[in-house]
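Protein chains: 6
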Amino acid sequence: MKGITHFAVGDTIELYLLIKNATKGITNTGKPFLTLILQDKSGEMEAKLWDSSEIDEKQYIPQAIVKVSGDVQSYRGKSQLKIRQIRPTNSSDSVKVSDFLETAPISTDEITSKITQYIFEMKNPNIQRITRHLIKKYQQAFFEYPAATKNHHEFVSGLAYHVVSMLDLSKAIAGLYSSLDKDLLYSGIILHDLGKVIELSGPVSTTYTVEGNLLGHITIMVNEIGKAAEELDIKGEEVMILQHLVLSHHGKAEWGSPKPPMIKEAEILHYIDNLDAKMNMLDRALDRTNPGEFTERVFALDNRSFYKPSFHK
Amino acid sequence: MKGITHFAVGDTIELYLLIKNATKGITNTGKPFLTLILQDKSGEMEAKLWDSSEIDEKQYIPQAIVKVSGDVQSYRGKSQLKIRQIRPTNSSDSVKVSDFLETAPISTDEITSKITQYIFEMKNPNIQRITRHLIKKYQQAFFEYPAATKNHHEFVSGLAYHVVSMLDLSKAIAGLYSSLDKDLLYSGIILHDLGKVIELSGPVSTTYTVEGNLLGHITIMVNEIGKAAEELDIKGEEVMILQHLVLSHHGKAEWGSPKPPMIKEAEILHYIDNLDAKMNMLDRALDRTNPGEFTERVFALDNRSFYKPSFHK
Amino acid sequence: MKGITHFAVGDTIELYLLIKNATKGITNTGKPFLTLILQDKSGEMEAKLWDSSEIDEKQYIPQAIVKVSGDVQSYRGKSQLKIRQIRPTNSSDSVKVSDFLETAPISTDEITSKITQYIFEMKNPNIQRITRHLIKKYQQAFFEYPAATKNHHEFVSGLAYHVVSMLDLSKAIAGLYSSLDKDLLYSGIILHDLGKVIELSGPVSTTYTVEGNLLGHITIMVNEIGKAAEELDIKGEEVMILQHLVLSHHGKAEWGSPKPPMIKEAEILHYIDNLDAKMNMLDRALDRTNPGEFTERVFALDNRSFYKPSFHK
Amino acid sequence: MKGITHFAVGDTIELYLLIKNATKGITNTGKPFLTLILQDKSGEMEAKLWDSSEIDEKQYIPQAIVKVSGDVQSYRGKSQLKIRQIRPTNSSDSVKVSDFLETAPISTDEITSKITQYIFEMKNPNIQRITRHLIKKYQQAFFEYPAATKNHHEFVSGLAYHVVSMLDLSKAIAGLYSSLDKDLLYSGIILHDLGKVIELSGPVSTTYTVEGNLLGHITIMVNEIGKAAEELDIKGEEVMILQHLVLSHHGKAEWGSPKPPMIKEAEILHYIDNLDAKMNMLDRALDRTNPGEFTERVFALDNRSFYKPSFHK
Amino acid sequence: MKGITHFAVGDTIELYLLIKNATKGITNTGKPFLTLILQDKSGEMEAKLWDSSEIDEKQYIPQAIVKVSGDVQSYRGKSQLKIRQIRPTNSSDSVKVSDFLETAPISTDEITSKITQYIFEMKNPNIQRITRHLIKKYQQAFFEYPAATKNHHEFVSGLAYHVVSMLDLSKAIAGLYSSLDKDLLYSGIILHDLGKVIELSGPVSTTYTVEGNLLGHITIMVNEIGKAAEELDIKGEEVMILQHLVLSHHGKAEWGSPKPPMIKEAEILHYIDNLDAKMNMLDRALDRTNPGEFTERVFALDNRSFYKPSFHK
Amino acid sequence: MKGITHFAVGDTIELYLLIKNATKGITNTGKPFLTLILQDKSGEMEAKLWDSSEIDEKQYIPQAIVKVSGDVQSYRGKSQLKIRQIRPTNSSDSVKVSDFLETAPISTDEITSKITQYIFEMKNPNIQRITRHLIKKYQQAFFEYPAATKNHHEFVSGLAYHVVSMLDLSKAIAGLYSSLDKDLLYSGIILHDLGKVIELSGPVSTTYTVEGNLLGHITIMVNEIGKAAEELDIKGEEVMILQHLVLSHHGKAEWGSPKPPMIKEAEILHYIDNLDAKMNMLDRALDRTNPGEFTERVFALDNRSFYKPSFHK
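Residue numbers (the working numbering), protein chains in the order written: chain B, 1 to 313; chain Z, 1 to 313; chain P, 1 to 313; chain G, 1 to 313; chain R, 1 to 313; chain C, 1 to 313.
Hints are not guaranteed to be accurate.
Below, simulated SDA-like cross-link-like pairs (lysine to any residue); rule was C-alpha separation at most 25 Å, straight line [claimed, not checked]:
(1) P:K171 with Z:N274
(2) R:K182 with C:S310
(3) Z:K2 with Z:N290
(4) B:K150 with B:E44
(5) R:K252 with C:L180
(6) P:K278 with Z:D51
(7) Z:K227 with B:I198
(8) Z:K278 with P:A253
(9) R:K278 with C:L180
(10) Z:K78 with Z:N290
(11) Z:K308 with P:M240
(12) Z:K58 with G:V9
(13) R:K24 with B:T35
(14) B:K235 with G:T289
(15) Z:K235 with B:A285
(16) G:K252 with R:K24
(17) C:K150 with C:T289
(18) C:K252 with P:A300
(19) Z:K20 with G:P309
(20) R:K308 with C:S310
(21) B:K227 with Z:H133
(22) Z:K41 with Z:D109
(23) R:K123 with R:S92
(24) B:K313 with G:V9
(25) R:K278 with C:S310
(26) P:K2 with P:I26
(27) B:K78 with R:G256
(28) C:K24 with Z:D51
(29) P:K20 with R:K150
Quick list of the computed label-pair ranges, beta carbon to beta carbon [as the list claims (entries may be wrong)]:
(30) C:T112 with R:N151: 16 to 26 Å
(31) G:S42 with Z:S205: 57 to 67 Å
(32) P:E121 with Z:N274: 20 to 30 Å
(33) R:D302 with B:E121: 35 to 45 Å
(34) Z:R297 with B:T116: 33 to 43 Å
(35) B:E121 with Z:D99: 39 to 49 Å
(36) G:K150 with Z:N274: 33 to 43 Å
(37) G:R84 with C:S74: 38 to 48 Å
(38) P:E121 with C:P105: 35 to 45 Å
It is worth saying that the hints were derived from the structure and are not from the lab.
Here the structure is a predicted model, which means the values were calculated and not measured.
All C-beta atoms, glycine included, are put in the ideal place defined by N, C-alpha and C.
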């Protein structure tokens, strides 16, 4: 079925949609209205419900699923839905929240089995045990969380999917540069953003926790590695090296890493992280663009606009 | 007795001195010589031992105490000692390493008792217990280490002395701004640089350890606070807040704090740390300067030179 | 009585308020309206007077006091007053402008007496005479002006109150670091921002004067010190040193000081200025915040948001 | 045979070596001497020839091969050779310049065949023809030049070897991210630094040409692509896209690209270039370092020092 | 006749105007309206056409000339026209697009003859021939294009007018500094921005072309000089020097010049370009300002506001 | 007669020279020697006097004129004089200090008369009187001082010569841009660096005074303008505008101007200052360079090296 973002200005729609966000406003003439962000797997659209009642305000809240009809109009260059009719859904509508959330292109099972395999391939037992311990401790959240609140992989299972892509990339690179230590790369990749399961509030409507704000996912995970080593009674230099890989993976102090990479695999981990995030952002931006045209500006890519060559499809 | 730095170009000296550093060199004409950095409590001077023998190289090494006579000459605008005679010392000389090291202007006992008193004044038991636990765990090193390898408080007990000065300053400030939480300030001050006892190699000839290089004293101490809370079974928000105080005390990401201060006391801690370090650097630089003249450039103060007003003594 | 900022969305109010700012607008449908910023000692709120007449435009102007009733609504996340009734006040209302302006927490008399005392304590007659001369010359404005147009101490007598806080702080610090020259500190603090009485337009609805824009308060006061010395026939180095203290008190060229501090007391003055301004901004932001929550972003503190620990009241 | 860089301080050597650089000096006592940089495939060492004659100055010049015996000494922390005996070589010594130059680890034939294969795999005829034309035009230099005058791949055939590594890497990446246009990637990689054959003076003792200084290899190659298209009478958008790939491959204006990457493949090309250059620099630095120790600072990697974990061999 | 920008808030107008830009909007209550940017030689004003029909949307488009009557109102501190009546024009109105476009203050003929004269004065035949060839190739666009899409000389013939002003300025400067090579200066000035005729879309409603975005006018013109030299069979160093003048005229890498000026005339060209652009911006901003007041902020002059002394008319 | 800088390595010289600077050193073997900087109008050369006596140290001091013979050698790529014979001069040698100092290319009389003429041309009496007053007050120093201690116009009368060049340039520019106020330009140019007569120690062996370090020439002159206005009893806005011209002439806060130019003539003054200084630096660097070669790096021009086209003489 056609998703919300595939309708153009002038179209009339009738769809089940998930409310991502709801805000009350007052018009210049003093009338209340609701601004809703409605989403399905295809993306999201802003909608206006004029002359809203108090009942409306109570039932049209984030995470509610609604049935909506209305007209797509243009407001400041973006599509906006003018709602004609809207109603809450109930069990007879046979819809559930996960039907409306974007998810990773491969299944959780597949992701789990790939990560298990990469851990299995590790040869250094200290690195392997710490990695397995931490994945096990946080596995439920790890397989549900997005990789970020915006910019890249901001969908359900986005974090784990980003990790799997990075693992595949690291394997290909280590195949070409034989001096790389695969154990460090694999473990560093699996752990580098795992602290986000504590830094962020959850898989949907994601915000920062207090601990996320005051300490950040890097510091959180460095601490977790220390605790894991203590619990597993592991003493080797591997502990400090893994902490360094996580600590330095943002590459520079001004990007949040108090120490820059000072291990070869830490430097490469930073590159692989960036490369996979950028590919994800570029593919998303270019998917919405016709050949011979420029994408919208992508904030996390220095606010650049990218051109899709006219000989590309 | 007159210290080494109080002799002028043209003077002849005869002194017991400690070797801080020794390097072998070869003259243009192929002759070996030793460059020694010799120190006593007054400071240090470079010295040249020309035509050095292999025996010389073996006995004139860092931490050795020597008896030296020679002439103070000028080399590139700095004093340099041309050694006439030098010999190692033995027990009959009745000299010991600590006689030659600069130390804090107040005794270790006094420092210990002041810090104990500040911990005693804390009202929040979680904060008090964590602070006491960590000071006890690292007390020997804490009372011996310098505050830094150079720039400020780089002498024996420099770290603890810097902490005491900051505590006194924080008490005065909190007396004027009553909204400040003294427990957080005192604990934050006591713990902020404690990680240096792991980051640095020791109280003399101080260098960075591998862990110091790869993780840094901030990350090390944040981990230690986490472990202390676990061992003491403390759960409250105080743990995270103390970790934040340590994490943010450098003030900005580019100065090594992955999170900027986001607690009022964290912001003030950063200021107090800076203020005390600057006063120490300014006083040292101005002590060596006459009224109506400028100090040497002080690298850690943006390489500025300071003027001593002619109406100052 | 409850101030304007203590009313919540949904409340109905009836209050005397001062108009800080008034702007005419036109609705999408061509109707005129007035946007008023209304204030009392508790702070300010934006208000809308729909369908305003020409008479309205003439009588509802800055500095006018009005009696208003209306409803507090929410607009883009901020409170906004929808005016039901509004009328100008007259003598029978027994209200005056100063009733609506925030003022320093201590009285002008107290401020005056404290500053007089600090000048009295100065030992260097040149420094004392210049300071007394300039305070006398600009005393009326000095005791009325805010310390800035926004950010910190932006209230009546804010400048003098900021100076008194800094004086107390400097006295406490000089008590701990005995090498500091109190005369220079006290005089530097009293004079550092005095040029603002020429740079700014006045104590309320404060803007920049042409001279303030083209020369700035630092240059203005450096000139004034030179003139004062000439009038008092003072020749000593103190003149230049005081000029340097004022000139360098912003700390760096890019912050408006063409010379960085090159006198110890100039460096400390810069710190004390910053510390007192930050304490003022932090206290204001945290006063409006509940324990366990973050403040709004504070622009002048690098746009940071501060957390109020849940164990703080 | 043991190379020059494998001898330690105190060793005596007797070797054939190539003079990379020669400078005349005068000792403090007015005696002439020569400072020579001597190299073989293992690297280079500074050497001193004391009391040099005018004949010495004439025969010991860059590109000359000499037979040298002498002692390895330490000067300012680096090895330095004190020459005992030195003589020029002649045909009977059976040595040639290429014996002393570091070269790529795979043969020119292998490099040629790999690049030919990658060009063969291109599907877009416009891209393929321009790439083939330019490689053919500059092939001799392309297979001889270093990739840079210092930092990375600064050896004979370094440029072509760097290109082959990048091609292999791009193939692996394109295998994982199927949306990438391999033709653009392969052509962009082959052409990106080809302008260096005009920017630099030649394969050994490499310096910048006037054109290299005033225009730079990026501008030079963008012009060459334009000319190639004109000669081959190719009109499509591919010409401009290839010019953009070369133009933007340094990533940012401040790094020499007047336009940042605005095509997906341009962004990825920039990454692949960086990744391969960094791997090369890291491997070289770590090869000279023992496990458990830090490398020398690497200027082109932000002057960082890298740690070789003690569990690495 | 009085231009659009000379009417004040409250005035009623009736004018022929050119539509520069038209955007459809929807009011809060769902009604369509048009926002038009209307211009004549005096400048431009935003206008609102409420309750617009589909016919309105089709006939009120960029480049259309309309007859309008309406009221000037104030919206967010800027003048805005509320349209009462509007109609398209036809041949009987006797108006044409060029009547509404700002143009250079001297005629195209005069500009042409001045540039011809400067080329005639060149003594170096290589420089002269390349300059003449390129001006001839692009002469029509060169005499029509603006110098930029905004900021300075953004009017018909703005580019050529800017070039003429720079030529006059360079002649005056070269009269004072006799070491300057006038041929290089004149040619550099004439060619420096000529690439804009390819980078920009045309003389009105100017936007960037794809080639403009991906390569930029600097790279485009450097290529054109190379091609011109080839066609004219010119081999001398002058070709590279002219390319360098164009390449470096933005002065720094971060401003778009991959090479900074490395020829004296390149450095001076950069200065002359800046000086003339700034004079143009300053004169425009000050023309709209009364003595004793500040101009609006000028974005391209570091967002500064300029004061017009009260003794200036 | 051939100046010192025109001799090449290997030449023997016999010349009268002025000692600019003298430093005592000690060789590795403990022998004293003098390093002298010797100069004449052509420039300067470092010289070594080996085995110097105490008498040598006393008579070979800055500002002494000596007769020297010796050999030009090369040391670290720069020419160095090895002194064979040296003696002090006396009255019978008929040499005087001014014979050895570089001076402006036009005479002091000519400079004086040009500046007088420019002041005469001013129409605004306030501007004219302040300018004349200040030139008169500092005229002796103004006509002797260099424009800077290094970089540009660092010769006797350099300041006044720089001012005259700028005046001529400003006249030419004001001829082309008629909106410029010549009075402001002329006065701003004459006064902009006049504070250097207080900031710097004198016309030769120039250093910074204490006032120069703590206040700087900009602040000094802004104060002087204020005092001049007071003495002349001038009240108009011209005073503040002239102060602003001086205050802002470095263009940006980080370059020493606490306010950026906010008057059109201030902006242009900044440009003219830069342009004349750059022309001076470029001409000096290129004078020492052959066609087809690059100059040495010029520190004050962003450390750039400039190319002299091979078709320039």
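Cross-check of the supplied hints:
Restraint check: the Cα-Cα separation between K171 (chain P) and N274 (chain Z) comes to about 18 Å, which is no more than 25 Å; the hinted pair holds. Among the hinted pairs, K182 (chain R) with S310 (chain C) is consistent with the structure: their alpha-carbon atoms are about 16 Å apart, no more than 25 Å. At most 25 Å may separate the alpha-carbon atoms for a hinted pair to count; K2 (chain Z) and N290 (chain Z) meet this at roughly 19 Å. The straight-line distance between the Cα atoms of K150 (chain B) and E44 (chain B) is roughly 13 Å, inside the 25 Å bound, and the hint therefore holds.
The hinted pair formed by K252 (chain R) and L180 (chain C) fails the criterion: a straight-line CA distance of about 29 Å is larger than 25 Å. A hinted pair counts as satisfied when its Cα atoms are at most 25 Å apart, and K278 (chain P) with D51 (chain Z) does not qualify at roughly 61 Å. The suggested pairing of K227 (chain Z) with I198 (chain B) holds, with an alpha-carbon distance near 18 Å, which does not exceed 25 Å. Our distance criterion of 25 Å between C-alpha atoms is met by K278 (chain Z) and A253 (chain P), whose separation comes to about 19 Å.
Annotation: proposed proximity of K278 (chain R) to L180 (chain C) holds, straight-line Cα distance about 13 Å (limit 25 Å). Proposed proximity of K78 (chain Z) and N290 (chain Z) is supported: the alpha carbons are some 17 Å apart, at most 25 Å. At roughly 13 Å between alpha-carbon atoms, K308 (chain Z) and M240 (chain P) fall within 25 Å of each other, so this suggested pair holds. Distance restraint check for K58 (chain Z) and V9 (chain G): the Cα-Cα separation of roughly 17 Å lies within the 25 Å cut-off, and the hinted pair is therefore satisfied.
Using a Cα cut-off of 25 Å, the hinted pair K24 (chain R) and T35 (chain B) holds, with the two alpha carbons roughly 21 Å apart. At roughly 24 Å between alpha-carbon atoms, K235 (chain B) and T289 (chain G) fall within 25 Å of each other, so this suggested pair holds. For the proposed pair K235 (chain Z) and A285 (chain B), the alpha carbon gap of about 45 Å is over 25 Å, so the pair is violated. With a C-alpha separation of about 37 Å, the suggested pairing of K252 (chain G) with K24 (chain R) is violated against the 25 Å cut-off.
For a cut-off of 25 Å, the pair hint linking K150 (chain C) to T289 (chain C) stands: about 20 Å separates their Cα positions. For the given pair, K252 (chain C) sits about 22 Å from A300 (chain P) by alpha-carbon distance, which is consistent with the 25 Å threshold. Straight-line distance between C-alpha atoms of K20 (chain Z) and P309 (chain G) comes to about 30 Å, which puts the hinted pair past the 25 Å bound. Pair hint K308 (chain R) plus S310 (chain C) does not hold up; C-alpha atoms about 48 Å apart against a cutoff of 25 Å.
Note on K227 (chain B) and H133 (chain Z): the hinted pairing holds, with a Cα-Cα distance of about 18 Å set against a maximum of 25 Å. Our distance criterion of 25 Å between C-alpha atoms is met by K41 (chain Z) and D109 (chain Z), whose separation comes to about 20 Å. With a C-alpha separation of about 53 Å, the suggested pairing of K123 (chain R) with S92 (chain R) is violated against the 25 Å cut-off. For the proposed pair K313 (chain B) and V9 (chain G), the alpha carbon gap of about 64 Å is over 25 Å, so the pair is violated.
Of the supplied pair hints, the one linking K278 (chain R) and S310 (chain C) is violated, its CA atoms being roughly 34 Å apart against a limit of 25 Å. With a C-alpha separation of about 33 Å, the suggested pair K2 (chain P) and I26 (chain P) falls outside the 25 Å cut-off, and the hint is violated. For a cut-off of 25 Å, the pair hint linking K78 (chain B) to G256 (chain R) is broken: about 32 Å separates their Cα positions. Between the alpha carbons of K24 (chain C) and D51 (chain Z) the distance comes to roughly 24 Å, so the proposed pair stays at or under 25 Å and holds.
Our distance criterion of 25 Å between C-alpha atoms is broken by K20 (chain P) and K150 (chain R), whose separation comes to about 37 Å. Between T112 (chain C) and N151 (chain R) the Cβ separation comes to about 43 Å, which falls outside the hinted range of 16 to 26 Å. About 34 Å separates the C-beta atoms of S42 (chain G) and S205 (chain Z), a value inconsistent with the hinted range of 57 to 67 Å. Distance hint check: the CB atoms of E121 (chain P) and N274 (chain Z) are about 27 Å apart, consistent with the given range 20 to 30 Å.
The hinted window of 35 to 45 Å between D302 (chain R) and E121 (chain B) is violated, with their beta carbons roughly 56 Å apart. Taking 33 to 43 Å as the suggested C-beta distance range, the pair R297 (chain Z) and T116 (chain B) does not conform, at roughly 59 Å. Taking 39 to 49 Å as the suggested C-beta distance range, the pair E121 (chain B) and D99 (chain Z) does not conform, at roughly 59 Å. The hinted range of 33 to 43 Å is satisfied by K150 (chain G) and N274 (chain Z), whose Cβ atoms lie roughly 39 Å apart.
Evaluation of the 38 to 48 Å hint for R84 (chain G) and S74 (chain C) yields a failure: the beta carbon distance comes to about 26 Å. A hinted range of 35 to 45 Å is violated for the C-beta pair E121 (chain P) and P105 (chain C), which are about 59 Å apart.
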